[in-house]
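Trainee: Next come the chains, spelled out residue by residue.
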Amino acid sequence: MRRSAAGAALVVAALVTTAACGGGGSSKESGDGKGAGFNAAVDKVAGASEKKGGELKFIGTQDADSWDPQRGYYGFMWDFARYYARTLITSKPAAGGESTTLVPDLATDTGKVSDDKKTYTFTLRPGVTWEDGQPVTAQQIKYGIERTWATDKISGGPTWLMQVLDPEKTYKGPYKDESKDKLGLKAIETPDEKTIVFKLPKPNGDFLQMIAMPAAAPVRPDKDTAERYGQKPFSNGPYKWVAYSPNKGLELVRNDKWNKDSDPVRKALPDKISVTLITNADDMDNRLIKGDYDLDLNATGMGSAGRQKALKEKKGNVDNPQTGFIRYAAFPKTVAPFDNEHCRKAVIYGADHTSLQTARGGPQAGGDLGLSMLPPAVKGFDPAYDPYNIKQGKPDAAKAKEELKACGKPEGFKTTIAVRNNKSQEVATAESLQASLKAIGIDAQIDKYDGAQTTGIIGSPANVKAKGYGIIIMGWGSDFPSGQGFLQPIADGRFIQESGNQNYPELNDPAVNKTFDEAIAETDVEKAGKIYQEANKKVMEGAWYLPFTYEKNIIWRSSRLTNVYTADAYNGRYDYASLGVVK
Amino acid sequence: MRGGRWAGACRPRGVHQTMTAPLHDTDAAQTAAVDVAADVPAKAIEGRSPWRIAWIRLKRDKFALAGGTVVVLLILVAVFAPLIVGALGHPPNEFHEDQIDPLFSTPKGSWGGINGDFLFGAEPVNGRDVFSRIVYGARVSLLVAFLSAVVAVFLGTVFGIVAGFFGGWVDAVISRVMDLLLAFPQLLFIIALVSVVPDSLWGLTGSGVRMGVLIAVIGFFGWPYIGRIVRGQTLSLREREYVEAARSLGAGRGYILFRELLPNLVAPITVYTTLMIPTNVLTEAALSFLGTGVKPPTASWGEMLARAVDHYEADPVFMIIPGLAIFVTVLAFNLFGDGVRDALDPKGSR
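Sequences listed follow chains A and B, in order. First residue of the first sequence? That's 1 in this note's numbering, and the numbers climb one at a time after it. First residue of the second sequence? That's 1 in this note's numbering, and the numbers climb one at a time after it.
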């Protein structure tokens, strides 16, 4: 019923918008009214400016999972959180790949690391304050980080710090903390108000990436409303919360207690930032093109109609960045005959890669053909590595038949493709795979399951086995651009879970797991990248995944925006903290 | 033995059928007879069966005839789908990405990619032939609609006639069951049911299972509607003289039920069946739209509409075509059904 209602709403919206477009052509765009050019903000800055003032207007169709720094996990929330939540270190405010380097934010430098790589010491910058003028202290940073441990109230956020600092999970979180100052976590020490020391049980080459996440932002204990903190986070950034109504919108205004000298990262150009949330994605695209809003908060890519209009009429306002996601199919080894690598290989060779790419939206809106399981934004990526000759785009029926024979199923077999019912592009890829597999004798049924229930349906290995899901269609983007962030959760056997599993093939190869341990212990990023590429090769040789695309998006950039560039650190979204508007 | 005896003795077929509902009404019968007489004065005295009179009335109803013609055409299209598609289209599940503009995922060319090769255009994203999918979609639509009507009519007639004839506690139980089913949220039930139905059932797999479930469930929830009508008719028929006559001559219950009552219920059952089919077409389309109909890649009109929602602005033709298919089918069946009702039941208001 919801879909039929939505359908009716779409039709109504279409009529309304058509009518609205019919009346007068007066453009609401200000500035020069012309975009800076196609891809003008990809990997470079468009409209560099220091001019302050104006209102930056976001629009979106999806509210954050939570605006609480410790609870938000959506990529756009992390990008947006920099307006009101500062961290010890953060992503560099720079275009493209450079954004993945880390720079000091609350801290004076990116930390002093001990020789055994287990101790990180940071000193706080002077003049950093909350929105009421009180200084931010090291204890408040520790308190903020501790909140992640209180999983009964602070749920949904990333748990990297918990896994790295307290793998045994001995601490119970600040709300159950017996000590008076609620700072019972042993792995973090705060000798004074300006110093914070992290003590890791074992080295981790990506630790700095983890404390650059909003989950490592300070929270003031007297302002902590626990599970309700996301309704109105207390700001220490350049903007403070004025109004928020879930799924409708929110408004931030300048925080006059924020001191520009204390913050080398944020430009803080607009006077006001507003977010409007609506339900109809096509309507959102229309309003963006009309110039009512500046950019899509979620930045998940324009719909087919919006894309058409934007690229035909206002191509100069469109960017086409990489998102860092890979779209793929996974082959659970518990479902016969995918326990046999030759049957997995048969599917990879039998797939029509160009057709899968078209199903994702084509080379621009969908992305380049995916060749292996490390995306271009992750260190260690090798564009020449293409073990299954995917780049040529067409199915290789001869090789597929050979693999089927080697698998002992020369006539093919029956299987089921599991796909989320609420993602039309994923359903389209499932149908493409179904059609091309039919040609080599594999009869695949498509099972469209409730997309809101992924954790219990494809995330439960027992259910996957019971339902016989031989092929699972999914996508994956990492929390931080390294092999640990991207590949380990989907390929390390120790990450297999009974519910919420993301290692869908249930790949548990001691050799692969060991490679990850080696890579994580390596603190030199380049060297670690090479080891992750080794892991990637092992995953591809085992044929556990069939990559479809290295995802790309078509996103809208209004002509009002200044200082705009896409950042790999934020999945190809614009770096929100740097944006300004003309006027 | 009994059957033989009674059949010979007291079945002036034409006579008592003319006398019984819904055609027993003498005024109406006379009017009809006069009408007919006016048309064919030379044979004014010829005896006519009520079916023949109904057919003559139906023939004069242009809308009903037009509807009937379309219905026949649709059935032919569904039956001969492989031949039609073989001659005029492409296999319904074959991808034709060459028809799609890779940048926008919509068909190349205007009007949804309609050209000499793709008569109704191509489907966005994968370029499947919309014409072929509409033709094959007619199979799903009509098959589900017909068979579920058959299920509903069978159950409705049996339970309705039994309830009406026996009365008492039998009637009470059956009537309450009908009330219960009429109050049941069937659409929600089907959605929930489809998600737990296994992939293979009753020797069927994939779309076959889904169609079987749709037929069974739509049919099952449809029978109380026809059951009530049959029960009501039976209630009034069972007190008629000819039934009493049969009973007093020693006829058994089975004989009275199926040889005396049932033939006189054929008219209302026919009318209700023709009006039930378009409802079933709509139910099937709605369920497919909601994703609980046949499984991909099997084509269905409702499923095509659901897909069109994603592209309605860039490619409205893809939404209009399956919409028209559903509209025309339902309209044709309704016009035809109305015509049949008017022909069989001249008392009904026109």
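Since the hints were made in silico from the structure, they are not lab data. No residue lacks a Cβ here, since even glycine has one placed at the ideal position from N, Cα and C. Hints may contain errors.
From chain B, some residues computed to sit far from chain A (all C-beta separations above 12 Å) [stated by the list, open to error]:
1) I56
2) D61
3) L65
4) I75
5) R128
Interface residues of chain B toward chain A, partial, derived using beta-carbon atoms under 10 Å [as the list claims (entries may be wrong)]:
6) L103
7) G206
8) E244
Trainee: A separate judgement is required for each hint: does it hold in the structure or not?
Mentor: Tested hints:
no. : hint : verdict
1   : I56  : holds, 43 Å
2   : D61  : holds, 34 Å
3   : L65  : holds, 34 Å
4   : I75  : holds, 28 Å
5   : R128 : violated, 9 Å
6   : L103 : holds, 6 Å
7   : G206 : holds, 5 Å
8   : E244 : violated, 51 Å
Hint violations for this structure: numbers 5 and 8, all remaining hints satisfied.
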